[in-house]
Structure formats: structure tokens, C-alpha cells
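K.L.:
Protein sequence lines correspond, in order, to chains R and Y. The working numbering applies: residue 3 is where the first sequence begins, and numbers increase by one. The working numbering applies: residue 14 is where the second sequence begins, and numbers increase by one.
Don't take each hint at face value.
Partner residues aside, some chain R positions facing chain Y, computed with beta carbon under 8 Å [to be verified]:
no., residue
1, Leu-107
2, Phe-109
3, Gly-112
The hints are simulated quantities; they were obtained by calculation from the structure and are not laboratory data. C-beta: ideal position from N, C-alpha, C; glycine also.
Chain by chain, the residues run as shown.
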Amino acid sequence: AQKVTQAQTEISVVEKEDVTLDCVYETRDTTYYLFWYKQPPSGELVFLIRRNSFDEQNEISGRYSWNFQKSTSSFNFTITASQVVDSAVYFCALSEPYGGATNKLIFGTGTLLAVQP
Amino acid sequence: NAGVTQTPKFQVLKTGQSMTLQCAQDMNHEYMSWYRQDPGMGLRLIHYSVGAGITDQGEVPNGYNVSRSTTEDFPLRLLSAAPSQTSVYFCASSYTRYSSGYNEQFFGPGTRLTVL
Chain R
3 AQKVTQAQTE ISVVEKEDVT LDCVYETRDT TYYLFWYKQP PSGELVFLIR RNSFDEQNEI
63 SGRYSWNFQK STSSFNFTIT ASQVVDSAVY FCALSEPYGG ATNKLIFGTG TLLAVQP
Chain Y
14 NAGVTQTPKF QVLKTGQSMT LQCAQDMNHE YMSWYRQDPG MGLRLIHYSV GAGITDQGEV
74 PNGYNVSRST TEDFPLRLLS AAPSQTSVYF CASSYTRYSS GYNEQFFGPG TRLTVL
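In isolation and in its complexed conformation, chain R is listed as follows (with noise of 0.2 Å):
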């Protein structure tokens, strides 16, 4: 079965500490696809990245990169310089593998992420 764990429930830093959201996942699949979502306090779900299983090369844009490391399962996610408008709550999502019909997506519990000012 797909699972995805979010282990860190809430994290707070001060402005411009560099923080990494940590997302493990489990599948069966060889094939599938890894997200992150952000969802700001006034509650709507934001894309923020989509990687598929078959390119482990890290993302880097902005002040966003995220580490994908099949060998041990997981989609990191680093904000360098937090700014107070990174305030939200970050979700991973796995997807199920390719050829399907459907688009369901499998989501962590989410980390809630303060940052102070």
C-alpha cells in the first residue's frame, strides 16, 4: 500500500533560518510521481513541485530545493532564508504509478511551519 509520512507536525523558526521539511514515502510501485503543496493560512492548496520517480536530480527555485532520494525513500524539502510569508502548512503527496486513468494522490499529514519574524 502507498503510504506517506510527515513526521515533523509543526516546526517554528525565526526569519531567515534555513529549514528542511522531511517527507518519507512507501510504494510498491516502480513508477510514480512525488509533490508538494503548500497551503497558506487562508486555506487553498498551492502546487509547488512535481517529480517523477525516474529523475533523482535535485530542484532548486528561489529560495525553494528539494532532495529526492529513492535509495531511502524520501522528498526533502528546504527553505534557505525563511520569510514570514512561508507561514503555512506543507504537504507531500505521492501519486499513483504511471498509465492509469486516475489522478489520485496519497498526502502526508502535512507540517505546519511558522516562521517568526
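For chain R, the structure is supplied; the task is to place chain Y on it using the hints.
P.N.:
Okay, now just chain Y, sitting in the frame of chain R:
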């Protein structure tokens, strides 16, 4: 394009009442789904549909009905609301994945439901 729209944004029900959460998309997406979000639980799939006339159950379908009579609309029905259904409900849509690769899933703004 309006994207994925959900109505209402907020709703308070009494136990035993029925209601329908509306979801509509104008992107001609075949795939639509409903998730519920509860504190400490993340988002869990309730029901999904891969096209008009086709629906299936997700992880937590009990207490909810769906139908898909058109490509655009995917309403979620609560026949007899219970306090355990207090949650935030998200609708999502995308193209199906018969082609290679992944089709981005678009989420609606959510409906916050309280059952007293």
C-alpha cells in the same frame, strides 16, 4: 477560465440534514475528485470520476454520494450529515492519464463544513 469552483465556501448543518457541495470546472477535464481535510490527517480521497457517468470510491466514501452527469460538474451529496463529517472539502480536476506523463491536478478553493 474560472478553473475549479466550489460552492458554498462555508456551511453549517445540523445532524441529519442533507446537502450538496457543488464543484464545477471549465477546463474540459475528464477526471474529477473530492478530498476531505481533517486536522492531523492530511487530505483523503472520498470519491472520484474518470468521466461523465463513471464514478468510484476513494479511501473514505461512507456517508457520501456522487454522480457525474456532465463533464463540468461533480457534486458531493451528504444524505444525513453527521458531526464526523465536519471538515474542509476540496474538489480537484485534471485530464486523465491515458497518455504518457502526468496531467496537473487543479484544486478548488475548498468548502468548510460544520455539522452540529
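K.L.:
Should the hint that R/Leu-107 touches chain Y count as held when the rule is a Cβ pair under 8 Å?
P.N.:
holds, 7 Å
K.L.:
Is the hint on R/Phe-109 kept, meaning its closest Cβ partner in chain Y is under 8 Å away?
P.N.:
Status holds, d = 4 Å.
K.L.:
For the restraint on R/Gly-112, tell me whether the closest CB of chain Y is nearer than 8 Å.
P.N.:
holds, 6 Å
Checked against the numbered hints above, the structure breaks none of them.
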